[in-house]
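Based on the provided sequences and hints, a complete structural model is requested.
In the order they appear, the protein sequences are chains R, A, V and S. The first sequence finishes on residue 318 if you use the working numbering, and the numbering steps up by one all the way, no holes. The second sequence finishes on residue 991 if you use the working numbering, and the numbering steps up by one all the way, no holes. The third sequence finishes on residue 1480 if you use the working numbering, and the numbering steps up by one all the way, no holes. The fourth sequence finishes on residue 1699 if you use the working numbering, and the numbering steps up by one all the way, no holes.
Hints in this document: simulated from the structure, not taken from any laboratory. Warning: the hint list may mix true and false statements.
[Claimed, not checked] With a straight-line Cα cutoff of 25 angstroms, these simulated PhoX-like cross-link-like pairs (lysine-lysine) come out:
#1 A:Lys873 with R:Lys55
#2 S:Lys1681 with A:Lys961
#3 S:Lys1693 with A:Lys963
#4 S:Lys1629 with A:Lys963
#5 R:Lys31 with R:Lys55
#6 V:Lys1360 with A:Lys474
#7 V:Lys1140 with S:Lys1698
#8 V:Lys1353 with A:Lys953
#9 S:Lys1693 with V:Lys1139
#10 V:Lys1140 with S:Lys1693
#11 S:Lys1681 with V:Lys1092
[Said to hold, decoys possible] Derived DEER-like restraints, expressed as beta-carbon distance ranges:
#12 V:Thr1039 with A:Glu476: 27 to 33 angstroms
#13 V:Ser1264 with A:Ser590: 43 to 49 angstroms
#14 A:Glu936 with R:Asp295: 25 to 31 angstroms
#15 R:Arg5 with A:Phe804: 52 to 58 angstroms
#16 A:Val951 with V:Leu1441: 45 to 51 angstroms
#17 A:Glu689 with V:Gly1367: 35 to 41 angstroms
[Claimed, not checked] To list a few chain V residues with every Cβ distance to chain S over 12 angstroms, as calculated:
#18 Ala1398
#19 His1421
#20 Gly1477
Even for Gly, the Cβ is constructed at its ideal location relative to N, Cα and C.
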Amino acid sequence: MSYSRFILSLAQVLLILGLAPAVSWFIKKMKAASQNRVGPTLLQVYADLGKLFRKGMVISERASWIFHGMPYVLFSVTLVAASMVPVFFEGSLLGFMGDLIVFVYLLALGKFFLALAALDTGTSFGGMGSSREMTLSSLAEPALLLALFALAYHAKTLSLEGLAAHFNRQAPFRILFFTLPALGALLIVAIAESGRIPVDNPATHLELTMIHEAMILEYSGPYLALIEWSHEIKQLIFLSLLANVFFPWGLSNAESVAGLLFSPAVYLLKIFSLAFVIGWIEILSAKLRLFRVPDLLGVAYVLAVLSLLGQLMMGRWM
Amino acid sequence: MKSLFVLQIILYILGGVAGLSFERNKTRTSVLTYLLAAAGGGVGVLYSLVALRGQNLLVLNLPGFALFGNLRLEVDPLAAFFIFVISFLSIATSIFAIGYSREFKGKSAGFLGFLYNFFILTMILVVAVRNAFYFLIFWELMSLVSYFLVVFEHEKPEARRAGILYLVMTHVGTAFISIAFLALFANSGSFSFDDFVKSAPSLSSVWKNTIFICALIGFGTKAGMIPLHIWLPEAHPQAPSHVSALMSGVMIKTAIYALLRFLFNFLGSIPSWWGSLILVLGIASTLLGILYALMEHDLKRLLAFSSIENIGIILLGIGAAMFFASSRHFPFASFALIASLYHVLNHAVFKGLLFLGAGSVLSATHTRDMESLGGLIKNMPWTAACFLVGSVAISALPPLNGFVSEWMTFIALLSGFQCEGLGIRFFSPILASLLGLAGALAAMCFVKAFGVTFLGAPRSSHSEHAQEVSPSMKIGMMILALSCFFFAAAAPFIVSRLGKLSAALIGSEVPSSYFGRGSFLLEPSGLGQFSPWFAWGVFAAVLMSLLVLGRLWLKERAIQIGPTWDCGVPNLSPRMQYSATGYSKPLRRIFSFLYQPTRRVEVEDEGHELLRTAQRFESKIRPLFEEVFYRPVAKLVFWISEKAKQIQTGHIQLYLSYIFVTLIVLLLLVRLT
Amino acid sequence: MTLVHLLSIPLVSGFLAVISPTKKLVRLFFVLGALILAGCSWYFVFRTNAHKPVFMFSENLMMDALAAIFVLLITTVGLLSSLYAAGYLFKDGDLAIPVIKLRRYVFFFHLFLFTMLLAVLSNNLGIMWIAIEGTTLASAFLVNVDDKKSSIEAAWKYLILCTVGIALALFGIILVYYSAIAGALGEQENLLHWSLLLKKAKALDPQVMKLAFIFVLVGYGTKAGLAPFHSWLPDAHSQAPSPVSALLSGVLLSCSVFGIVRFHILTRIATGSGFSNGLLVFFGILSVAVACPFILVQADYKRLLAYSSVEHMGLAAAGIGFGGPLGIYGALLHIVNHAFTKSLLFFCSGHLLHQFQTKEIKGVRGLLKTNPFLGGIFFLGILAISGLPPFSIFVSEFSILSGGFAAKRFMACAVLLFLLVLIFAGFLRHASNMTLGTREQEPRSEKSLLMDSVLGLGIVLVFVMGFYIPAPLQSLLESASRIVQGVVS
Amino acid sequence: MEQEWILSIIHLTSMAFLVTSFALLVSPQLFSCIRFYAIHSFLLAVITLSTAFYNHVYHLIISAVLTLVLKTIVIPQIFFRMIRQLGMRKEVETYINIPLSLLFSTLLVFISFYGVGNMKALDLLLSKESVSIAVSTLFLGMFMMTTRKKALTQVLGLLLIENGVFLMGVTTTFGMPLLVEIGIFFDVLVGAIIMGVFVFKIRGAFEGIDVDKLTMLKG
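Given below as structure tokens:
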């Protein structure tokens, strides 16, 4: 891996770290606008993070080292996963390390510890949250995988870089014809994974409706900051995955300097437009009942199957 | 080499005898037996590692019954691999058992040691023997000894019931296995495996299919393949924990071993539908196994069910291998086979670890019911840590060994992309995604298992006053916990070794460069790649640095310890935590078509429903296979027997008429022929 | 020493027992006679190499390898059960049996041994018939030692059914004799000599031989307890005192199977077809099938054992029917193994009956706790009888089955395997209920070293035969199976 | 010349033999049963004797005499005494009434004639039908055993079978070797005696010799 590529991919990771709060700010802002409120300013979200980092903590006496360790594990996992996705050019820092299965399972590892930590303090909320979270995410897993596999089938590779590169080579809109269902599937999964309406409501603290919030109820201070941040990062990862796999245009291959100047802009554009879509969904739809969510995920799975079938029926190279 | 093999056998025999000979209930005796067993395991690991290379296989040729040929023991690479797995696990369990067998003071722990040693011995022999007749003998002995281990605490009625179910089921299996072997004998005219292999081409396809089906049923029963699994969750929990570790860890794998022998050695070329059938059974076992595991709140039963899941994963690998072999994609085939063999090893390690953990919990709290556990991580940090490692590994999460083999299974399934035929191209990703579902469910299952057992607040005085277990038990668990990391890191080496083995099985030489470059594992057609080293190198680096930073950062932050937030309700009691049953409630509801749960709520109140004094909630799921198939069959058999017993009425005239009628019928028969 | 001496030993000791005044003496002659008999038979069989037949009495008596095996069986099991009985029936105290009865018992016991020996040693089919009829008459009194209602009933059924059967067998023998005459094989006096008939078997008329075989099969089959002629068997075996039951099901049944085998050999050569094989296989499997439900659902443990005898005789018959070296060797070995295992189990049942005072399976619980020695042996014995390795019966069953596969009788073998599994399930259920678990009531138990040692000996025998067959016995079995295959050496 | 005589006697007597066994089967009285049995045995003796003279196998005379002594005199006497001592009811209880049993028995006779008659292997017999008669006697005996209730009548049926077998022996093979003959007679006698003993035991234990009561052992 050449020197410049290394620098670039490092820059990508940093970009994601930096950008993550902004994206969720964007969505918050949209909602505020839709409710005729003036939402927080962009600076506010960073300020909140900083404040949390600087605060002290209150920790339950029941908490064990699992509770303490979880934020670190979660964040580092998210970080590693983040450094596997290509952002504004076809390479990524650790993309060579493994393929999309590794990527998915890294995120799963984070979730595993999150769910454990939720049980650690022995509240009924924690248990409820972790139970629901694990249930939904395990139902989301096959849809996520199958959608990715459908793409992989098209690209003949499982590596995220490879996917991005492959779709970047294809003529636009021809690919979309097959992959659109997969896009739908991944969108639904992304919403579920990043805990947004209609699956989960990030804003609520009403025990019956919350999932993700319930798990981290006991956290405060720097730990909370880490968790929130990695949550936002995860959301951004999914968005950029969507962006770079389905709309790979303008993804530069790290040779042309012009492309390098041009592609981050395009990336931002894509990300925020996707964020707009998600925000829009969030504005329009109400939260689903817990036991309706599986149906939604089922839809996602069916979409994934459809995209696979489409490719099989019409042959790979149409 | 050969001497080591003999030495291992002798060590086990000595261990067994030691268990019986010296004073029964002294700790010294059990220490001696288990040390001998551990030594045997060590020896086994030594020579099996060498024999795995495949040069100079060791052969022992003992005289036997005249009609059935010699008792020939031979350690070829396949056998060596399984011997390695058995021996390796048995080291850890034996060391664990030294401390654990204190549980059985006064219940003739010596006898337990005797059975334990012979159990391991029979497994080794089953793997090593090369003659159908003696194979059956050792096979049945293995079942018999394990039966005695299952009913070791036979004052418990459920243990007795489980024992009967177990032995009868395995006996049914053995009947099918014997048919398979006898058919091979009828074809080859001899009982020796070599002749089976020689005469494999001359098998007619009808016989081939019959033998395949019989072998599948027979060994599937032992392996706990759905729908033949019903004995497994009953029997495994009943045995003493170090034995359950062996049963779940390796005993069911001997069935996998035998299945491989049949499929790749005895039956010659493979029709493609075999592979598909095994794939279907595999995915069924995987999903149903973990789904049933999720509903358990008995720790050891939960583990037993998850064994069914893992057998499913192994079968997925084998099925894929067979399919690819039948469509002559040999690189893929051997990759799939590597995956399944690798998973055999890994599952042995972490399932063994988990059972040992469960054993420690059992010995510390004397209950297996998760509903009365909790908060053990405070009093038993070591056990908790080891159990956590096991849980992460079995949930197939990076960077532990479980993930490596699961990743390979994924890839093996996805290689179906490369094959001709819409069917495989369509179903391979579907199967893979379902495997993903199973993985996620497993993660949930073990979050529940670990979380409810070790985290939160203790739910009973047992778990509140639990003590950390004795050093030997800790050591036993540590060995396995560490090897969970080791077998992940050693992946490239293991894969190259297994590559040779699987190539030999499939019968086509595939260069190991297909499967790995440097520290990377490769899919033969470059579909995907993964480097466990990097994965957990990077992960560990990031984590470590974060931890350091975090510590530094938190130094000057004020951290105060307070009670858990009780949302204003005073004195938050442990009973307000989520219970194991509650944890899996959403799934129980989502998959209600499978579970068909029934619930009973009893409320006691003082006149008005708001003035509740007590409330009892009970929720059961319907064991589908038992109720739909097994119980009706058993009922039918007994009904028929009852009816058939009518012939013995006690009237002598009737008896005479039996003779009479038979005679006349026979006379007419002769007349007419 | 000659066959005559062998035959005279039981007669003499029986006679001595009758005339001896005191209980001690009766017991002495009882055991001593069996001991000497066993010793002599072993010595005799293994010294005169039984591979070429030994004749006596103008060829009326003959001992070839086949007969030799049965001689060993009779005398050995006889010894075991007499040893056991010496502890079992000659108790003192409240349960003591009056000496008159004991005398009668001992006399008939030895008479029984004599008749069985005569049956297997006689070359003359007529004499064999007489001897087998004699076994019925002798053992009828043994079945009914105590004049309880039930035992009288059992004895009556035993008498009637077996005598009818025997009469039919005689009919068969006459037919054979007739076809021998019709074939003009030689002067009349020794036309019933099996050895002669074997030489000239080709000349016998196939039609008549078929007819004869049917009659013999039904006749001796009744005695051998093949279904559907077995109905007397569970009654007699469950009512007889345990040592006698051991002798009945261990040896007597086998002797009648022996009779059938002799005729089977002739018939197969005469007809030159698998007619008799087919019948044997059919009735063998039928017996196993009939025994199965009674083993699955059974309330009385002695009847349980009795039915398993039906099953095992069926297996032996099927093995003979399958033919071929494996099948026949297996069948003969099976007869030997079954004799030892089953008698062991009947001895155990004697213990049980004495300790729990009931034949009900329900009545026996938690045996392993109350009496580990007995419980362990009983459990292992049950496992052995239901054909689990490392016990001897597994070997013979397996070789019978492989004989079946070698003879291309696949369906038959599949059915057999299926039934065997069911039977195993039944046995395991009963055994687990009886031995495992915790006890409710404290059973009475006074130790009798003699009886316990017999049990120990038995289980060791059963276990050792599971993986090692002594060379002389092995060669005996092989040459015997050669005889049955009709390879006239 | 006299050979024909003897032969016709044999034919005649064997026919009478069959008829007698019918009579034995249907006679309602216990005493008459026994008498018929005596006659039956007597006819058997006659057949034996004539066969002995017909083809000059003189040891058959011995067995003829034995038959006469044992079966026509001794055994019936034993039975008569037993009946007196037991003081049992005189008539025969059966499961199926006389006409029906007649029907059955004719069927059986037909079967036996169909089954073993006209078997070409039997051609060189002097009276071919005697085989079928023997077989049918056998069947009738078994039929009797299966349909009668009293222990004693069962024994009678058994003896009937015995006679049938014996007839077979005499007519087809001109008698077994003497040794065997004697043995068989001995067995028959002992058998009869022992059964007699047991009849007494049953009488003692079950008050009455009705075999229906002997159904404690089942399953």
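Quick rundown of the hints versus the structure:
no. : hint                                        : result
1   : A:Lys873 with R:Lys55                       : holds (12 angstroms)
2   : S:Lys1681 with A:Lys961                     : violated (33 angstroms)
3   : S:Lys1693 with A:Lys963                     : holds (20 angstroms)
4   : S:Lys1629 with A:Lys963                     : holds (23 angstroms)
5   : R:Lys31 with R:Lys55                        : violated (28 angstroms)
6   : V:Lys1360 with A:Lys474                     : holds (13 angstroms)
7   : V:Lys1140 with S:Lys1698                    : holds (14 angstroms)
8   : V:Lys1353 with A:Lys953                     : holds (20 angstroms)
9   : S:Lys1693 with V:Lys1139                    : holds (14 angstroms)
10  : V:Lys1140 with S:Lys1693                    : holds (10 angstroms)
11  : S:Lys1681 with V:Lys1092                    : holds (16 angstroms)
12  : V:Thr1039 with A:Glu476: 27 to 33 angstroms : violated (59 angstroms)
13  : V:Ser1264 with A:Ser590: 43 to 49 angstroms : holds (45 angstroms)
14  : A:Glu936 with R:Asp295: 25 to 31 angstroms  : holds (29 angstroms)
15  : R:Arg5 with A:Phe804: 52 to 58 angstroms    : violated (33 angstroms)
16  : A:Val951 with V:Leu1441: 45 to 51 angstroms : holds (46 angstroms)
17  : A:Glu689 with V:Gly1367: 35 to 41 angstroms : holds (38 angstroms)
18  : Ala1398                                     : holds (29 angstroms)
19  : His1421                                     : holds (14 angstroms)
20  : Gly1477                                     : holds (22 angstroms)
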